[in-house]
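Chemist: Now for the letters of each chain:
Protein chains: 2
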Amino acid sequence: MAVINVILSGGVGSRLWPLSRKSRPKQYIPLFEGQTLFQMCALRNGPLSDQISVIGSVDNYKLSQQDLQAVQIEEYTEVIEALPRNTAASIAFAAFAADPEDILFVTPSDHIISGTEAYTEAVARAVTLAREGWLVTFGAIPEHPETGYGYIEHDDQHTVLSFKEKPGIDQAKEYVRKGNYLWNSGMFCFKASLYLDELKKYAGAVYDAAKEAMSKIDQGFLPEREMMAIPSISVDYAVMEHSDKIKVIPFTFEWNDLGSFDALWSYMEKKDGTRQGKAENLALGTKKHVEFIGLKDIIYVETEDAVLIMPRNQSQEVKKVYERLEKEKPELLK
Amino acid sequence: MAVINVILSGGVGSRLWPLSRKSRPKQYIPLFEGQTLFQMCALRNGPLSDQISVIGSVDNYKLSQQDLQAVQIEEYTEVIEALPRNTAASIAFAAFAADPEDILFVTPSDHIISGTEAYTEAVARAVTLAREGWLVTFGAIPEHPETGYGYIEHDDQHTVLSFKEKPGIDQAKEYVRKGNYLWNSGMFCFKASLYLDELKKYAGAVYDAAKEAMSKIDQGFLPEREMMAIPSISVDYAVMEHSDKIKVIPFTFEWNDLGSFDALWSYMEKKDGTRQGKAENLALGTKKHVEFIGLKDIIYVETEDAVLIMPRNQSQEVKKVYERLEKEKPELLK
Numbered sequence: 552m553a554v555i556n557v558i559l560s561g562g563v564g565s566r567l568w569p570l571s572r573k574s575r576p577k578q579y580i581p582l583f584e585g586q587t588l589f590q591m592c593a594l595r596n597g598p599l600s601d602q603i604s605v606i607g608s609v610d611n612y613k614l615s616q617q618d619l620q621a622v623q624i625e626e627y628t629e630v631i632e633a634l635p636r637n638t639a640a641s642i643a644f645a646a647f648a649a650d651p652e653d654i655l656f657v658t659p660s661d662h663i664i665s666g667t668e669a670y671t672e673a674v675a676r677a678v679t680l681a682r683e684g685w686l687v688t689f690g691a692i693p694e695h696p697e698t699g700y701g702y703i704e705h706d707d708q709h710t711v712l713s714f715k716e717k718p719g720i721d722q723a724k725e726y727v728r729k730g731n732y733l734w735n736s737g738m739f740c741f742k743a744s745l746y747l748d749e750l751k752k753y754a755g756a757v758y759d760a761a762k763e764a765m766s767k768i769d770q771g772f773l774p775e776r777e778m779m780a781i782p783s784i785s786v787d788y789a790v791m792e793h794s795d796k797i798k799v800i801p802f803t804f805e806w807n808d809l810g811s812f813d814a815l816w817s818y819m820e821k822k823d824g825t826r827q828g829k830a831e832n833l834a835l836g837t838k839k840h841v842e843f844i845g846l847k848d849i850i851y852v853e854t855e856d857a858v859l860i861m862p863r864n865q866s867q868e869v870k871k872v873y874e875r876l877e878k879e880k881p882e883l884l885k
Numbered sequence: 552m553a554v555i556n557v558i559l560s561g562g563v564g565s566r567l568w569p570l571s572r573k574s575r576p577k578q579y580i581p582l583f584e585g586q587t588l589f590q591m592c593a594l595r596n597g598p599l600s601d602q603i604s605v606i607g608s609v610d611n612y613k614l615s616q617q618d619l620q621a622v623q624i625e626e627y628t629e630v631i632e633a634l635p636r637n638t639a640a641s642i643a644f645a646a647f648a649a650d651p652e653d654i655l656f657v658t659p660s661d662h663i664i665s666g667t668e669a670y671t672e673a674v675a676r677a678v679t680l681a682r683e684g685w686l687v688t689f690g691a692i693p694e695h696p697e698t699g700y701g702y703i704e705h706d707d708q709h710t711v712l713s714f715k716e717k718p719g720i721d722q723a724k725e726y727v728r729k730g731n732y733l734w735n736s737g738m739f740c741f742k743a744s745l746y747l748d749e750l751k752k753y754a755g756a757v758y759d760a761a762k763e764a765m766s767k768i769d770q771g772f773l774p775e776r777e778m779m780a781i782p783s784i785s786v787d788y789a790v791m792e793h794s795d796k797i798k799v800i801p802f803t804f805e806w807n808d809l810g811s812f813d814a815l816w817s818y819m820e821k822k823d824g825t826r827q828g829k830a831e832n833l834a835l836g837t838k839k840h841v842e843f844i845g846l847k848d849i850i851y852v853e854t855e856d857a858v859l860i861m862p863r864n865q866s867q868e869v870k871k872v873y874e875r876l877e878k879e880k881p882e883l884l885k
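From first to last, the protein sequence lines stand for chains A and B.
Numbering (this note's numbering) for the first sequence: 552 to 885.
Numbering (this note's numbering) for the second sequence: 552 to 885.
Hints were generated in silico from the structure; no laboratory data involved.
Be a bit skeptical, because a hint or two may be false.
Each pair may be met inside one copy or between any two copies, as identical chains are not told apart.
What the hints assert, rightly or not - Only pairs whose alpha carbons sit at most 30 Å apart, straight line, appear in this in silico DSSO-like list of lysine-lysine:
1) K767 to K752
2) K715 to K752
3) K613 to K752
4) K752 to K796
5) K880 to K822
Please read these numbers as outputs of a predicted model, since none were measured by experiment.
Please work from the sequences and hints to get the whole structure.
Modeler: Take a look at the structure:
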């Protein structure tokens with residue numbers, strides 16, 4: 552009946568290039584007063600859980616180990632994926648490794664959360680609902696009609712009616728107006744056995760292939776061949792959009808998925824004392840003196856080998872640059 | 552009766568900061584396929600003159616020496632000013648150092664000129680007119696109503712009627728429409744004796760103080776105390792705007808004073824094969840891969856310790872940044 556914080560750490564964060572690289576995804580960049588998002592995640596959830604289980608990849612498990620060691624977290628288990636197969640499978644690995652009655656509290660490793668009290672309270676409620684046999688999700692109360700997030704529609708009892716993909720701006724406005732739509736935060740809480748039951752029911756191929764891979768796990772490492780056979784789909788597609796046992800916890804704590812430089816800037820603006828965040832333009836990653844002339848809302852990012860300059864509202868386009876460079880100059884993504 | 556190319560090399564080029572610094576004014580930056588503007592000036596004028604005389608300063612005479620050595624120019628004279636006193640005095644030093652009948656062909660060291668044949672021809676005409684007893688200036692035929700240059704009004708015989716300071720845009724359009732106005736290029740040609748006569752007549756204080764300083768010259772170095780006493784005014788104010796013995800040679804060769812990043816970009820655009828110049832945005836001084844997203848006509852300049860980002864049409868504002876940094880962070884100008 553332990554509560555296990557399952558930390559998903561497979562993302563590469565292409566939308567924070569050139570800061571984030573294949574060799575250092577965004578959750579491992581020490582952007583936040585020397586701490587990484589991965590460290591902040593583990594430190595935040597440690598007091599709320601009995602165990603930590605890191606689901607990472609061969610490309611980054613050493614970064615996870617270094618990060619945890621640096622903040623004196625020494626007891627944790629890890630599952631190391633030979634290749635990425637999306638969240639449905641990653642959570643299945645954690646569920647197979649746990650006792651059936653254990654509660655999995657699943658968190659991405661690359662989000663920012665502030666407001667300890669509200670967060671603690673929300674997690675406690677989620678654990679209670681999970682023990683009662685619900686798949687629990689966490690939904691942020693929308694601050695504006697954001698088009699970068701999926702939405703969760705719920706009823707008066709916080710039972711989930713539907714999951715919505717990232718909407719267009721008009722649709723997003725409609726969601727916000729209706730009042731019973733929340734931003735999908737990507738955090739979940741449920742019994743290991745219930746997750747596996749629902750996965751088997753709605754995405755049997757993922758369940759079977761993940762079980763097969765898990766049977767061949769060797770000192771935490773999952774084998775490449777068996778992982779190749781796993782369908783790559785998200786937990787939302789595989790389970791959440793089908794199950795009728797889902798509750799959502801609307802939360803009020805501050806949450807930011809740092810899915811873009813715009814989101815990073817918003818975080819800096821809200822955070823007191825971050826001088827950069829309040830400037831007319833934002834310079835990141837540089838120790839140089841930066842002068843902007845006649846510009847506003849420009850983001851400048853500098854690394855050893857690459858520079859990115861764009862208006863704040865173009866942050867979503869970084870992903871396209873990343874994809875283009877994958878073909879043209881892959882060495883810049885390493 | 553020698554023709555002496557007087558190279559004026561006192562400018563600091565604050566409008567090309569952060570590329571140009573006090574320790575490396577723009578004429579000494581190897582921007583042009585490894586050559587500096589100073590070198591290009593000496594190489595261009597060497598074949599058109601009998602001697603080279605460099606009028607520089609204690610801050611940069613070593614850069615001049617290195618530059619000339621690197622392009623195998625070994626015979627030249629130099630006058631090293633203890634502090635800058637503007638062009639009227641600088642040219643006076645060259646004139647005092649020459650024989651009265653020598654022809655001084657005075658050129659700034661930080662301009663770009665292309666089109667050898669037209670240039671050679673214009674200089675030859677200037678030398679002829681100078682021998683006939685004229686103060687000769689060179690005027691570029693305006694390509695557009697530029698507000699960054701002074702203008703020269705002339706009559707049918709190319710006799711100068713007036714010098715105009717940098718105009719507003721409406722005034723500039725009027726000059727271009729009238730057809731007998733040229734951009735003041737800052738190049739001159741005249742007999743040493745005539746220049747000194749006119750200087751004595753119209754700016755006696757400069758003449759006297761420059762003569763006094765010149766009498767104390769020691770191995771090329773002009774003394775600080777005597778230089779302090781020299782009024783700091785330009786040759787335009789001191790002589791050209793008053794004398795009635797001035798001819799202007801309208802020229803058609805390509806000329807660019809590189810007085811701003813905008814001017815530098817224009818040069819790159821015109822020059823064949825300069826890939827950078829034709830891009831939507833311009834990145835200078837960096838070896839990094841630079842990505843612009845959703846931006847056009849942006850200039851990015853990177854150096855070891857400073858970065859500048861601005862729209863092309865704000866290039867003139869760099870001077871203000873330079874002046875502000877002079878108070879706030881003078882170490883960034885060194």
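Chemist: Would you list, in rising numerical order, the hints stated earlier that this structure does not obey?
Modeler: Structure breaks hint 3 only.
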